[in-house]
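Novice: Turn these sequences into a full structure, and let the hints steer you where they fit.
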Amino acid sequence: MEIKLELITHMNLSEIKQLLDAEYLWDSKNDPEIAFIMGSDMMSDVLAHTEPRSLLVTGLISTQTVRTADVADIAGVIYVRGKLPDQQTVDLATELGIPLLSTKLGMFDVCGILHSSGLKGAC
Amino acid sequence: MGEALYQKEFIVSGGDFDRAGEVSTAIKSILKSAGISNPIIRRVAIASYETEMNVVIHAYNGKIDLILTPDSVIIECTDVGPGIENIDLAMQEGYSTASDEMRELGFGAGMGLPNIKRSSDNFEIDSEINKGTHVKITIHHTTA
Numbered sequence: 001m002e003i004k005l006e007l008i009t010h011m012n013l014s015e016i017k018q019l020l021d022a023e024y025l026w027d028s029k030n031d032p033e034i035a036f037i038m039g040s041d042m043m044s045d046v047l048a049h050t051e052p053r054s055l056l057v058t059g060l061i062s063t064q065t066v067r068t069a070d071v072a073d074i075a076g077v078i079y080v081r082g083k084l085p086d087q088q089t090v091d092l093a094t095e096l097g098i099p100l101l102s103t104k105l106g107m108f109d110v111c112g113i114l115h116s117s118g119l120k121g122a123c
Numbered sequence: 001m002g003e004a005l006y007q008k009e010f011i012v013s014g015g016d017f018d019r020a021g022e023v024s025t026a027i028k029s030i031l032k033s034a035g036i037s038n039p040i041i042r043r044v045a046i047a048s049y050e051t052e053m054n055v056v057i058h059a060y061n062g063k064i065d066l067i068l069t070p071d072s073v074i075i076e077c078t079d080v081g082p083g084i085e086n087i088d089l090a091m092q093e094g095y096s097t098a099s100d101e102m103r104e105l106g107f108g109a110g111m112g113l114p115n116i117k118r119s120s121d122n123f124e125i126d127s128e129i130n131k132g133t134h135v136k137i138t139i140h141h142t143t144a
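Sequence lines, in order, name chains A and B. Note that this note's numbering has the first sequence beginning at 1, numbered continuously upward. Note that this note's numbering has the second sequence beginning at 1, numbered continuously upward.
There may be inaccurate statements among the hints.
Label-pair restraints from in silico Cβ distances [what the hints assert, rightly or not]:
# : chain 1 : residue 1 : chain 2 : residue 2 : range
1 : A       : 96        : B       : 99        : 22 to 32 Å
2 : B       : 95        : A       : 27        : 31 to 41 Å
3 : B       : 101       : A       : 24        : 22 to 32 Å
4 : A       : 91        : B       : 101       : 16 to 26 Å
5 : A       : 112       : B       : 104       : 35 to 45 Å
6 : B       : 134       : A       : 30        : 19 to 29 Å
Worth flagging that the hints you see were computed from the coordinates, not collected in a lab. Quantities reported herein were computed from a predicted structural model and do not represent experimental measurements. Each residue gets a CB set at the ideal place from its N, CA and C atoms; glycine is no exception.
Specialist: Encoded structure:
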């Protein structure tokens with residue numbers, strides 16, 4: 001019987017931050033390990049397809065990005081195109097322990113950089 | 001199913017997007033304290049969050065009951081609202097009646113009810129036009 005082993009590439013959030021020239025809006029200090037990437041602005045799609053240890057890449061900045069991350073055990077959220085959520089959203093992320101980042105890069109570039117670094121989509 | 005070990009009722013207000021999700025966060029924390037495993041909590045949280053968002057998006061108000069029995073977690077939601085005209089259509093992935101305003105908040109992908117069904121071991125829904133909708137979600141937390 002042949003046993004197929006699939007290696008999952010993972011990266012710490014701090015490494016992803018460097019790759020994307022991103023800034024922490026709130027840093028949980030535990031530098032979570034990220035194995036999967038989910039790029040979407042539709043939160044129900046995120047809930048349908050994300051696995052734990054995922055990073056959510058989104059152009060949406062509503063409080064629901066943080067709620068969705070909490071509900072789906074998502075390890076962190078990065079906002080693209082330099083978008084910044086309001087203070088209420090950052091406060092909620094702090095309360096729930098979910099690190100938030102922002103990068104000036106767009107969705108396509110963020111996903112392209114992370115994909116070519118070996119990370120896989122969460123689906 | 002057995003009798004309830006724990007039961008709690010939560011109230012959800014239609015249109016209150018600022019607080020949408022609070023019930024699911026609370027349910028998550030209760031189940032964690034009760035010693036339920038993380039993969040089960042995640043399924044319950046996804047189902048309850050989509051249910052909560054449905055009330056906030058579509059209904060006037062609603063209540064969500066969390067019932068913990070020796071073998072299952074039950075989420076039961078009853079809302080007062082417009083009801084669902086065609087449940088079969090609403091269960092189709094991608095079908096949505098949410099407004100553009102809701103889409104700007106990241107909802108209205110037409111995945112709400114399909115997501116709830118996917119997360120559940122048993123899912124019941126019934127609805128009456130101009131009255132409201134009732135859903136009952138059962139997720140087993142033991143394999144016995």
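Novice: Hint numbers the structure violates, sorted upward?
Specialist: 5 and 6
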